Amino acid sequence: MSSIKVKLKEKDIAKIQEICKSFDNKPGDLINVLHKVQGEFGYLPAEVQEVVAENLNVSLAKIYGVVTFYSFFTMIPKGKHPVSICTGTACYVRGAEKVLEEFKKELGIKVGESTPDGKFSLTCLRCVGACGLAPVVQVGEKTYGRIAPDDVKNILAEYEDN
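Residue numbering for the sequence shown follows our numbering, starting at 28 and increasing by one per position.
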């Protein structure tokens with residue numbers, strides 16, 4: 028996964044420090060801190076992780092390990108409309124891979140990337156608990172069920188004006 032170089036502003040650093048301080052700079056609250064920081068910035072680039080590491084007195088390697096282990100955390104900015112394709116067993120068996128390929132083709136990006144205009148990003152996830160509707164796609168908070176590759180263009184068209 029490619030890393031995006033970010034130059035943090037003083038106010039951004041101050042915000043991260045404030046979040047860390049709200050958890051008393053306790054290393055045991057690392058996941059809570061990362062969750063809140065990602066909520067503030069939308070993602071966790073290396074530069075943000077460095078500030079958290081300094082404030083919580085935790086190694087950067089540990090933070091990177093947590094960020095890359097939990098699928099909720101991301102090191103790349105999500106698009107305005109994040110597209111997630113479920114690749115859990117039921118969805119996979121019912122053709123999620125073909126749906127994913129169609130999204131990649133239509134958006135011109137790979138999994139883990141965002142479109143150049145920042146409108147869409149593409150990820151895979153494991154089981155959203157809607158196995159009866161397999162294969163399932165989520166765009167932001169909206170869930171689409173029983174999706175076929177032919178449905179992809181229509182789904183994306185819903186977001187053209189946004």
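One or more of the hints may lead you astray.
Said to hold, decoys possible - No more than 35 Å apart at the CA atoms, straight line, and that leaves these computed lysine-lysine pairs for DSBU-like: (1) Lys132 / Lys38; (2) Lys105 / Lys132; (3) Lys137 / Lys125; (4) Lys89 / Lys107; (5) Lys53 / Lys63; (6) Lys42 / Lys89; (7) Lys34 / Lys48.
It should be emphasised that the hints constitute simulated quantities derived from the structure, not laboratory data.
Quick caveat: nothing in here was measured; it's all calculated off a predicted structure.
Against the structure, the hints come out as follows:
1. Taking the CA atoms of Lys132 and Lys38, the gap is about 39 Å. The hint is violated against a cut of 35 Å.
2. Between the alpha carbons of Lys105 and Lys132 the distance comes to roughly 18 Å, so the proposed pair stays at or under 35 Å and holds.
3. With a C-alpha separation of about 14 Å, the suggested pair Lys137 and Lys125 falls inside the 35 Å cut-off, and the hint holds.
4. For the hint linking Lys89 to Lys107, the alpha-carbon distance of about 29 Å falls within 35 Å, and the restraint holds.
5. Of the pairs offered as hints, the one joining Lys53 and Lys63 holds, with about 14 Å between alpha carbons and a cut-off of 35 Å not exceeded.
6. As the CA atoms of Lys42 and Lys89 are separated by approximately 21 Å, the hinted pair is consistent with the 35 Å bound.
7. At roughly 22 Å between alpha-carbon atoms, Lys34 and Lys48 fall within 35 Å of each other, so this suggested pair holds.
In terms of the numbered hints stated before, the structure departs from hint 1 and from no other.
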